[in-house]
Amino acid sequence: MIIVIDGINQHKFNDVLDEMFKLRARVFGDRLGWEVNIVDGRERDHFDDLHPAHVVSINDEGDVVGCMRLLQTTGPHMLSDVFHSILDDEPPIRSAQVWEATRFCVDTKKLGRGRGENSVSYVTSEVMIGSFEYAKTAGVLDSIAVIDPVMNRVLQRSGNAPYDYLGSAKPMGKVVAMAALMDCSDERISGIRDYAGIEHDVFLTDEQALERFEGAKANPSAANYDHQPLTQLEKYFVEQMNSATSKAEVDSVLKLIEALSDRFTPEQKTALLRTPRAFAHEA
Amino acid sequence: MKLIDLAAIDHEEKSAADIINAVCEELGFDYASYATFNPVKGDVQGYANYPDEWKIHYGSQGFHHFDPTLYQSVLSIAPVDWGRFNHDEKFHSVFRDAHDFGITPRGLTVPVRGPYGECGLLNVTRDCTDSEWEKLKKHVMGDLQMAAVQAHDTVMQSGLLAKALYLPALSTREKEILQWVADGKSQQDIGDILSISHRTVEVHMRSGREKLGALTTPQAIGRAIGLGLIAPG
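Which chain is which? The protein sequence lines are W and Z, in order. Mapping of the first sequence onto numbering that gives the first Met the number 0: position 55 corresponds to residue 54, and the numbering continues sequentially without gaps. Mapping of the second sequence onto numbering that gives the first Met the number 0: position 220 corresponds to residue 219, and the numbering continues sequentially without gaps.
Bound-form chain Z, shown alone (with noise of 0.2 Å):
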């Protein structure tokens, strides 16, 4: 089982790199990395802003094989603070050789589950005080969520027979109020529109733009006129 830098061999594919780096510049973290398994061959790959002699240390030495960061984290469908971590052997074999690094044991991840029941995590670190700890993940723990299903969409969209499965199936009501976006409405307006509520509104804008991989409602109306699913306004 090998460990791959996936930014090192796939230079079409930049985006997940760029969504971590984004993420510790954006939120305040020290550290990121995505990572997932390979369903074919059971490799971890990924992408991580790590120092380069970390990276390297951490292949080295087969951290990759037990690192609790994955291996427990694919269990939960919460995001996972590594307190939560027994702090057994394997624990410390990973976390004694971090420190040395000047890499924090403070961290979490961020499980993702894509439409096969495959896995990527999103690990973030910071270096700071119990409470800032506590403050930092309450202010940003749901554009973690949104950045780790970027984060691992991108990646499983970088293969051809990835980016036929992943082609985006927006439900009628989604292309509808993305039409009506298109043509200037406001929330409030759609909900009166269709009589549903706003909230209702909103959670298919959500559910269209993380479908659509679009960061805004402009950027995901954009790309649904672009696939044809709905007309220009």
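Looking at chain W on its own, in the form it has when it is part of the complex (with noise of 0.2 Å):
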């Protein structure tokens, strides 16, 4: 579930943006190996200090498993002070109804495969949804956001491609960065919302947001779920489901996986089962 957090209430948020920085320490420092800068293991920026709004997700376990920075382009943001060779040296975009998102990122350590609540696809789809939902009752049409190449298959995986990008897609740490332009429109919301199996409001209260978070702290056992890395058996189904491009190809997978279903445990035939399509680059 989603709870935007801007400068009128990031007080009563503290410990929760400060997860947020850290999971941003781990996925721009440590996995994309952005020039970021990180202290005491948490990724900040001067643009953090401008107000932004913060869309977090935080799921039943009270983790912070996703987010996503918004700024106006009216003012300052990173594409005007800090990507623009991302825009080949052009002025950027400046409107009151495009927006830009950047830093958005999901807890690949913490959610699972598959498309249930506790994965990689799920989250990136309520993130986004929560983004464009804010964003739309804001009056805001378009936004543009700063993604890496694995964020932007995704994306196109998951009922919400961009319509199109801005410049050209730039080397930034281990990957390339590039800007991406999305609506903030019905069918694009009803699309991701479809695809996720998402029908009820992302949205959580300020209160219920620190239940959900404060419990975790109370159950520390349950954050600190881990999923197992993958077997070789199990990477291959991955990838024979990522290489299927037809129906029938699916269904054959998914009978190779039942006639060889001794070989796993049930928790790890439930996983492959509801499969991966979507995040089989993780394999």
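Note that these hints are calculated values from the structure, not bench results. Glycine included, each C-beta is placed from N, C-alpha and C at the ideal position.
Over 12 Å on every C-beta distance to chain W, these chain Z residues come out as not near it, computed from the model:
1) 20
2) 47
3) 53
4) 60
5) 92
6) 97
7) 99
8) 127
9) 188
10) 221
Simulated crosslink set (SDA-like; lysine to any residue; CA at most 20 Å straight-line):
11) Z/137 x W/184
12) W/135 x Z/131
13) Z/174 x W/164
14) Z/174 x W/87
15) Z/134 x W/184
16) W/135 x Z/137
17) Z/174 x W/79
18) Z/136 x W/184
19) W/11 x Z/74
20) W/135 x Z/140
21) Z/137 x W/187
22) Z/136 x W/185
23) Z/137 x W/185
24) W/11 x Z/82
25) W/135 x Z/80
26) Z/174 x W/163
27) W/135 x Z/139
28) Z/174 x W/90
29) Z/137 x Z/126
30) Z/134 x W/132
31) Z/174 x W/88
Coverage of chain W stretches by chain Z, computed from C-beta distances (three or more under 8 Å per stretch; other residues unrestricted):
32) 49-57
33) 93-102
34) 137-143
Two chains, two frames, a set of hints: combine them into the complex.
Listed below in structure tokens is the structure:
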């Protein structure tokens, strides 16, 4: 579920923001190798001091599992001040009805594969739904997101493909970064909702968000969930599923999983059958 | 820290006042105001079309030192419904008096950030039922966003220094698209010509219009030609 934290309510959410900055350090510093400023295991930059809106996903266990940062393109933002190389040194878009989304990430360590609630897929969709609905209510029509190719593929596979890109992809750490355009429209939001099977209101009130987050500390063992590395056989299935191009091919992979089901634990089997088409790149 | 009515001292600069009046007339609000903090002296300056008695009372009571519509709203990037404020002592001291002057606590503030991080605030109010208010918000939020950035840019551009800093920087794409519009092409045509989606064309046009401070595409074309950014079609 989603909580939007901005300058007005941030005093209530210092601990949530702290977890978010730690998540960002793991993703952008460790995994993607961007040149970000990490202090005490937390990634923060000066845009965080400009009262951006943080769209934060907190799961049932009370963990911060995904986030995105929104800034107005009328004021200082990353494409104008930091990522201008992506725009081939052209001036950035400036419009009250376009917001910039940066630092978009999900916790691939805590989240599993498949499409269930604790999956990368689900949380990615949830953060996108939260940010698009928040933007739409604010009268915003489009967003420009700075993302890496892995995130780009995730978006393309989850009913949420960017409709265009500005400038060109530029090397950034271990990957490249690109500026993707997405409309904050009902069509896009319902597309993501359909894909993820999310029908409910994704927003928490401040009180609900705090309760969810505090609940986690009372029961720390649940928060330490970490999914096991894939076995060779699991990897094989994930690859097969990923390269399947027709319903028949998908069905035959599912049949094969069924036939070899004595080789897995029941949990592994469930995870495989729910299948990880969209996240097969993790394999 | 002073409260300055820009309309009273700057006779050349009427257009921000015009914008807030237009917001009321065209979008259906009772009152509107625009305010910004002077970065040098910290004064609150702006325009309001509230009744004069309320403006005088507001200043004499020093509400601009703590009015939550100013100090809370600058902390958000999205429009802030006044219903979101804590109903604390500050809120009550402003809105109890506002009520006596016939001004409703039903309102919202659209915060605008400028290129240097400075913030402008467009406030609007309307005395109506919950359902009318929700409907109105949904209907006009995009227009309010545009009006807010216009009012802010108009005020910021009124100084000479600001004028120099705010010269519109149009990208090659924005200029290219405006040039095709000047040449009589439709959005769909331009998308086809440049092999980009018509939605992308629209985004660049919107950005170009706002950078030029234009309400309509024809007005943007006029200004772009005037500034020598594109050639007459």
